Structure formats: structure tokens, C-alpha cells
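Q: Residue-level listing of the chains:
2 protein chains.
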Amino acid sequence: MSSAIGIDLGGTKLLGILVDERGSPLARRERPTCACDGPDVLVGSIAALARELAEEARAAGRPPRGVGVGAPGPLDPRTGVVYAMPNLGEDYVRFPLRERLTRALPELPVAVENDANAAIQGEVWTGAAKGCEDAILLTLGTGVGGGIVAAGRMIRGARGAGAELGHVIVEPDGPPCGCGGRGCLEQYASGTAIARLAAEALARRREGALAQLAAPSAQDVVRAARAGDELALAVIDRGARALGTALASIVHVLNPELVLIGGGFGSAAWDLLEPSTAAEMKSRTFVASWEGLKLARAALGSDAGAIGAARSVI
Amino acid sequence: MSSAIGIDLGGTKLLGILVDERGSPLARRERPTCACDGPDVLVGSIAALARELAEEARAAGRPPRGVGVGAPGPLDPRTGVVYAMPNLGEDYVRFPLRERLTRALPELPVAVENDANAAIQGEVWTGAAKGCEDAILLTLGTGVGGGIVAAGRMIRGARGAGAELGHVIVEPDGPPCGCGGRGCLEQYASGTAIARLAAEALARRREGALAQLAAPSAQDVVRAARAGDELALAVIDRGARALGTALASIVHVLNPELVLIGGGFGSAAWDLLEPSTAAEMKSRTFVASWEGLKLARAALGSDAGAIGAARSVI
Chain C
27 MSSAIGIDLG GTKLLGILVD ERGSPLARRE RPTCACDGPD VLVGSIAALA
77 RELAEEARAA GRPPRGVGVG APGPLDPRTG VVYAMPNLGE DYVRFPLRER
127 LTRALPELPV AVENDANAAI QGEVWTGAAK GCEDAILLTL GTGVGGGIVA
177 AGRMIRGARG AGAELGHVIV EPDGPPCGCG GRGCLEQYAS GTAIARLAAE
227 ALARRREGAL AQLAAPSAQD VVRAARAGDE LALAVIDRGA RALGTALASI
277 VHVLNPELVL IGGGFGSAAW DLLEPSTAAE MKSRTFVASW EGLKLARAAL
327 GSDAGAIGAA RSVI
Chain U
27 MSSAIGIDLG GTKLLGILVD ERGSPLARRE RPTCACDGPD VLVGSIAALA
77 RELAEEARAA GRPPRGVGVG APGPLDPRTG VVYAMPNLGE DYVRFPLRER
127 LTRALPELPV AVENDANAAI QGEVWTGAAK GCEDAILLTL GTGVGGGIVA
177 AGRMIRGARG AGAELGHVIV EPDGPPCGCG GRGCLEQYAS GTAIARLAAE
227 ALARRREGAL AQLAAPSAQD VVRAARAGDE LALAVIDRGA RALGTALASI
277 VHVLNPELVL IGGGFGSAAW DLLEPSTAAE MKSRTFVASW EGLKLARAAL
327 GSDAGAIGAA RSVI
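Quick mapping for you: the protein sequence lines, in order, are chains C and U.
All residue numbers for the first sequence refer to the numbering used here, where the first residue is 27 and numbers rise by one.
All residue numbers for the second sequence refer to the numbering used here, where the first residue is 27 and numbers rise by one.
Read the hints as simulated data drawn from the structure, not as lab findings.
Computed from a predicted structure; not experimentally measured.
Any given hint could be a false lead.
To be verified - Using C-beta positions, here's what the derived DEER-type ranges look like:
{"no.": "1", "chain 1": "C", "residue 1": "125", "chain 2": "U", "residue 2": "38", "range": "54 to 60 Å"}
{"no.": "2", "chain 1": "U", "residue 1": "317", "chain 2": "C", "residue 2": "301", "range": "37 to 43 Å"}
{"no.": "3", "chain 1": "U", "residue 1": "87", "chain 2": "C", "residue 2": "313", "range": "46 to 52 Å"}
{"no.": "4", "chain 1": "C", "residue 1": "226", "chain 2": "U", "residue 2": "237", "range": "41 to 47 Å"}
Ideal Cβ positions, reconstructed from N, Cα and C, are used throughout, including at glycine.
Chain C with its partners taken away, still in its complex shape (with noise of 0.2 Å):
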């Protein structure tokens, strides 16, 4: 009996899982990160909370073969090299994680994963997404991350920079996006979009629930949308549009069986983004793709990542 460890690199924590062959969780620890902290303490935070999780799982007879980690940014997982990972600072450019956390802990194999990557390759294997063939996951939160798999595979491109699902095209003239382009998924339906959004539209006509907030969050827009503001709620459905729109190309490029909708904002407003998401999505599609395929919350929430990610190592 083995075991593995997931880490998942988040902007504000480290949230480490041990699970056993099957990706059942064992044991889970956390970890406050801070941007500000630079990349030496953010190495050593990781090596230190995996070897917390590998000692915990050495008492339980089940040393652990490894540890994965899920990283906020496009990263090519044969070199272990990370491009960027803008939300931890502008430290992080073609920055070398697997190589400086092999370092860090010599006695454990290291293998590193976009978290988007591994959030799908967690869902697909005990999660929402079990034994799928064919499927994408959308995380909806700070950005919007994207993971997919194809005929069987996880797709990551030619040097790991594919399934950047945030950055399809809505709108070719569209509000500048961080990837240099213009008008992409990330710029309607994040949670940073969806605040801006509302901001927007309070600019225009300052009235309903949000209007008494200073600066209302995505979380505030979709408490307020639940309680019928229909400010709030035209800004979900201009989210949701977006997101079928997009996932319209998507599906004409993939044609998968399950499309998953996870992240911070996605899942809290899963509910609410549907109906809109749906009715664009097959306004736009060929019935071929669009019949036989499901749209549904992820399963595993925040874990996804880091069982996903410590399935890399099994």
C-alpha cells in the first residue's frame, strides 16, 4: 500500500492532500503563501509541507511514491519549467519549480501540473468526470484556467501553453486581456470580470442591492442576483453568454462528452450561469455536438487540483 501527495499552489495558501492509489484523501494540510514572500519561502513552504504529508504517511504504512504539484500558470510538465504565474508576482518568469523543488527535497519524486491540468485530471479520475474519454474543465475564479482531455489524453500542447480555455475569443474588440489579445472568455466571465462588470453597470445607473456597495465582488453580484437584483442579474447572464459563446468554439474544436464549470465564482453560480451558458452554447453548435453532451458543476471543488495533481506521481 502506497500513497501520493497533491499540492496546489494557490495565490493566498498551499493546500496539500495525501491521497491513497485510488485518490481517496488520507490526510489534507494547509499553508498560508504570500506574493510578497519572493520564491526561496515559497519553495521551502512546499518542500515543507510535503514532507509534513509524507511523514503522515509513512506512520500510516503507506510511503508515499511522490509529490505533485498544481501551479498557477502555463508551465511545460516534461521540463518542469513555469512560464509565468502572475497572481505570485513577476518573480516567476520561465521559473524552474520542479528543478528547485527537487533540490528542496532530494528523498521525493517531483512532478509538476498546471492546476487547471491537474484540476481535470482530478475530476477524471474520482471526481465529476470519472472514466471520461473526452472532457474540458473551466475554472471560473480570479482568471478563467481551462483543462482538457481528449481521446483518453489530458491535452497540454506542444510546449504546455494549450487549454488556456480563458483566453477563446467572445469579443475580437473586447476589453484588453492579459494575454496581449483582446475580448477573451477571461474578460466576461471571471470573477475579477464579473466584478467589473458590475461595476460598469453601476457607472451607467447606480440602483438595486449593489448599488450600496463601495465596490461590489463577484461573490456580492451573485448573492445579490440570488435575491432577484436585476442588475446583478443581467450581469450573470452577460457572464454566461460569454461563456456559451466561447464554449460554442470550444465544442466545435473538442466535441466532448461533459463539459465541467468549476473555480471560486463558477461554482458558487453554477445555478444561475446555466440556463444562459446552455441556450447560447446550443443556439451556436451543430446538433451533433450538442446533443449527448452534459454541462455540470465540478465535483471535487477546491481539492481537484491537488488530487489531480498527486495523481501525476501514481
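For chain C, the structure is supplied; the task is to place chain U on it using the hints.
A: Just chain U now, with coordinates in the frame of chain C:
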């Protein structure tokens, strides 16, 4: 020593190619087809063409392993059922092409494949994408077709309806498209779309070389653009910008190492399209997805579909 037969099923002709085990052509034959003839005549023609090539193969001491057929429509290669072939008429909705061909050709194993999927299979086998693990092909012709190889595999989607790259959305409120949506790439960068864009431009301002023609075709536009006609150059530029926008979305999804452009219009116009296509893509993608990406004309031209279809039975 054996061989394989590939047949590309086009709107006006059947192209049959006999290849050796490495994909080198040994013989080729054509037969006219007409949408007016209906399914019985079409199936009979395909079978007759296959039989002629099979006899040639046997005479050369290379008995054929089977026949692969590339069909112009989305289909499920596992069942051999074509969802539709709009360019061949209304008779082919959920048409059991493989079953019908197997009955007509009981002596040979039959495989069917979407024509653009067959084409990229041909390019990966012996053409411009030889050995690539992550490549895409867009065929710009009457419509816009697509083929995808990712992580070394053909990506057809859960029901064979993937790789429909012509239906990636460029303008969400653009012209209506055959897929049910609006503003798909096919509405800007197919030969049909180029002819429509030219007619629209002439309706606004009747000037230049194209104004002499009653209804300029895409090939007329290409010719006029080569002669420096401004209206024709503007139409080509509109198509190229749309192609670059759609490719930016596709590259964010798949991060290929190679993008091939083929099809009648695409092959003829690629040198004219390339500068604006590349500029638009580059302005809309991460450095990590753009770096190391090659754009090129498909190498096998109109033979790619037949050669790739032959590979399906090797």
C-alpha cells in the same frame, strides 16, 4: 509487400489513390460524381473505383489491405455513420456509409473518416506535418474544414464531431452560419465567404478589376489581389484577420507546433493571407503559445485526403 486504397469523396469527383505501406502513391484514378445521382449511384461509384485500384494493386503483386474513404461531413469513424454531407445533397443525413460500402465491397475492409481529418492524417504521414505530435490543418475551400493531431493522436471528439475548426467564432454577431450560429470563421475565410465579401464590397463601391466581373469568385479575388487591386486586397485582408483571430482561439486551446493551411482557396492564397493572419494571431496570443509555432501551406494539396484515408486501413 502490400498496399492501401484511399478515396476522397468530393463534391464533383472521387479521387482514388493507391499507396504503399509508407504512403507513397502507386496509382491514382478519378471519377466524376454528381449530387443529383443519389446515394445508390455514389456508393456504386466508390466501390467500382476501389475495385479498379484493387486490381491494379494485385497485378503489381501488392494486394490491398483495404479501402479508406474521406467523406465531406462530420461522421463517427467507429460506427461509420455520416451525420450529414450538405455539399452532396439532403440524402445523407445519418447515412451509414461504411455499412453501405461494406455491402458493395465485401472483399475489402472499409474505413471511413472525415475528409479534413483524413487530410491531416496524410500530412502527418508523408506531408508537411511528418512526425508532428501537435498539429492542426485548416482547409479553406467551399467551407472551412479542420483536422487535429494532439499528443500524437487524432482528435475527433466524443462523437466524431470535433475538429470543426471552421466553426470557431470570430464575430459573435456576424453573418448566420450553417452550424446554426453566427460569425464563424467559415463566414470570412472560405472561398465562398471571400466571394461574398467581394460582392458586398462591390455593392458599396463598384471599382477596380473585380467591378468588370458579374460575380467574382474567390479565385478571381486572388488573381486581382496579385495584380494589386485594392478592393481585392482588402477582402483578402478581412479573411486573413478573421483567420488570425480564430487561430488565436484555437492556439490557446491546443498549443500546436504547426498550423497547416490547405484547401482550394487556402492553398492558392496562402502567401497573400499569411502576413495579416500571423500579425493578428501574434497580437492575440501569449508569447509561450506563439513562440516556436510554425504556419505553413499544406504539402499534399488535394491528394492529402485520399492518402490520409488510405492510412486508416494500414
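Q: Please go over all the hints and tell whether each is borne out by the structure.
A: Hints versus structure:
1. Evaluation of the 54 to 60 Å hint for residue 125/C and residue 38/U yields a pass: the beta carbon distance comes to about 58 Å.
2. At roughly 40 Å, the beta carbons of residue 317/U and residue 301/C sit within the given window of 37 to 43 Å.
3. The given range of 46 to 52 Å is respected by residue 87/U and residue 313/C, whose C-beta atoms sit roughly 47 Å from each other.
4. Between residue 226/C and residue 237/U the C-beta distance comes to about 45 Å, which sits within the given range of 41 to 47 Å.
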